[in-house]
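Q: Sequence lines, in order, name chains A and B. For the first sequence, UniProt numbering begins at 1 and goes up steadily by one. For the second sequence, UniProt numbering begins at 1 and goes up steadily by one.
Honestly, the hints are just simulated from the structure, not real lab data. Any given hint might turn out to be false.
[What the hints assert, rightly or not] A few chain A positions that, by computed beta-carbon distances, are all more than 10 Å from chain B: (1) V27; (2) P35; (3) F50; (4) T124; (5) V137; (6) N156; (7) G157; (8) W170; (9) A186; (10) D232; (11) G244; (12) A246; (13) H261; (14) A281; (15) L285.
[Said to hold, decoys possible] Here are some of the chain A residues that sit facing chain B, going by a computed Cβ distance under 7 Å: (16) H45; (17) S47; (18) T52; (19) G58; (20) E60; (21) R154; (22) I155; (23) V262.
[What the hints assert, rightly or not] The following residues of chain A were derived to be distant from chain B, with all beta-carbon distances above 10 Å: (24) A39; (25) I55; (26) A112; (27) P212; (28) V278.
Computed from a predicted model, the values in this text were never measured in an experiment. Glycine is no exception: its CB is placed at the ideal position from the N, C-alpha and C atoms.
Below, each chain spelled out in residue letters.
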Amino acid sequence: MSREAAAREPFGEAVLPWLLLAPQLAVTGIFFLWPAAWAFWQSFHISDAFGTSLIFVGLENYVLLAEDPLYRDAVVRSFVFASLVAGFALGVGVGLALLVENGARRKRVWQALLTWPYALAPATAGVLWLFLLHPSVGLIGTALVRADTGWDWRINGTQAFLLVVGIAAWKQVAYNFIFAFAALLALPRSLIEAAEMDGAGKARIAWSIQLPLIAPTLFFLIVVNLVYAFFDSFGLIHALTRGGPANATETLVYRAFVDGHVNHDLGRSAAQSVVLLVVVAALTLLQFRAMGRRP
Amino acid sequence: MNSTRRGLSALAGGIALPSLARAQAQPIEISLWFSLTRPLSDIVEGFARDFNASQTRFRVVPTFKGVYPESLAAAIAAVRAGNPPHILHAAEIATATLSSAPGVAKPVQDLFQEAGIAFDADDYLPAIRQYYSTPQGKLLAIPFFVPTGVVFYNKDAFRRAGLDPDRPPTTWSGVKEAAERIVAARAAATGISTAWPGMLQLEHLLAFHNQPYATRGNGFQGLDAELVFNNPTAARHFQNLADWQRAGLFKYGGRDFNGDSVFVSGESAIHIAASSVQLRIQREANFASGISTLPYYDDVPGAPVNSIISGSNFWSLAHPRRTADEYRGVAEFLRFITQPQRVFAYTSESWVLPNTRSAFEYGRAQGFYDRTPDALVAYRQVTKQEPTGNSRGIRLGGLTEIRSIVEEELERTLQGGQTGQQALDRARTRGNQVLRNFERTARR
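When you get a sec, could you build the whole thing from the sequences and use the hints?
A: Okay, here's the thing in structure tokens:
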């Protein structure tokens, strides 16, 4: 850099970008990197709840996890859970977007109504559905019990699992709807008109024209939905089933929370956090690939 | 109420002189973290308000920190950050966690002694005092909100089923028979339900039958205790619950207090729960309810003894930088809230045990137990006899996790995946691992 340039730019070319980046870097460092590093370090130790004792145990926490059949179950369960939630939420969200875009009158009204659930916090959504579906006090739940359906997710693990999947997906439908709807609106009218002139029906147009054209959005949504199901469903599970009955709704994130926050076993919880970190990293990589960017 | 006010002004008069001398100084702030929601939180906030009005030297600041696991986690984080609250309101399940970490809590008996305040720990009902004491008998924390397990039953359903609403069953075989008649007569959808399954159907069950939950005096004598709860009484009981559920006699309502809604909604007619649930039943149930003692298996020799307690207490948390004046403030406040009339007022209101003999005597002199004989059921059950090694309580590190493990395995049994014996055997293996972990990190 010449002297003249330095005089014109009082901060110098090298300093200014860093200054502008500093707040973001500080946030990333304090709230992401430092805790992640700490979790990594803690995962090789065991300690009492108050941190008054600290024993280095090497890989023991990881070995215990690998040997724990309940943890292996939770791994499988988390992936099944995430796939089901993403599948349902995406299928219904995109389906509704296609219906509204291609056929509905009063599009604005549908658009507003279908966006609403996204405004709810996961725990609130959980409590709301809890009141509706509770087998002893819920409006729908007691009706199901009276109809002799055997509805009781307090002890039936499959029902509990499907309940959490259903509510988690319900909440995410709105998000998918908004994105899919926006992507559909952005498609050039001429393509669809051309298909219509060729005699294609609405279903055919949706399948062969619209969906392929919004594929980048769909892929983005798949990744976002998987991340949501993996990590954000925590509040819902906490409000609804607390991982029960008999671990039927215990996902990896929920278990890491319970072991660390409730059982005060920080080493084991930290080891689980590191495992989750690897999962997030993989999902993020996938997303970057999909968005056509280099990580 | 009048007497409370009189007690209050007497107390205020007693400390008027020292507080005059310090009238200019800022009051010393005493932080109190509690875990109760309304209406029970009014009790804690009322304590602080009354105490602050009674003197000027200290100011107690109560803060709601979430439900018990949340407030405990917050306190642990505060201890790690070197800034713990002065007083922590914690659940019975955290007793070993708080008492076995060095320097985290100051036993209240030491606290009073150092502050030179006379304090009679023996005034506490033995089952309460021992649950919260060291093996040597030193009281660790001030018992606050202490219920025990009891039975609530639906008198209307009993009548509909042709059962005597004034003579509830006292044994498990009697409970089963009553449940059969209730279900057969369609007097209720199901017979039996329970809250806090891990605590009431195992911890309380074993103590009531004078059988050990763990070795080393249920953990009181050392951290090397091992779980031994997989005995025939408990195995039979778990299997019974599963069999009764299949026969439609028992309905599982979930963990914690979630099972209470099964009874309150009228679905079940016999409900095992903490005695404090009476408050909710009074408010929400639209049927006549009665209260009775916990059922027991009458072929178990020596059963029943006294029942154990659950509930919450106040801990004085320690810190090297904490001044003698601050500890003094904590001690003064704890003395303030343990005055017999004050203890009686809040315990009788909330249907928990009266905590101390003097509070009980105070209530009796007021004629409370003549007017409300139902309140005597829990008291009599807990004071039935001097606690044995099995019925004084449980002092195990990681009890929160062990209780969850027991509940998970019980749920697996209720789902039909294993027998009652298998559930307890598995829970024992898993729970012992928790104990060994705790022992390793607590040894110093």
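Q: Quick check: which numbered hints come out false for this structure?
A: 3, 5, 6, 7, 11, 12, 13, 16, 19, 20 and 25
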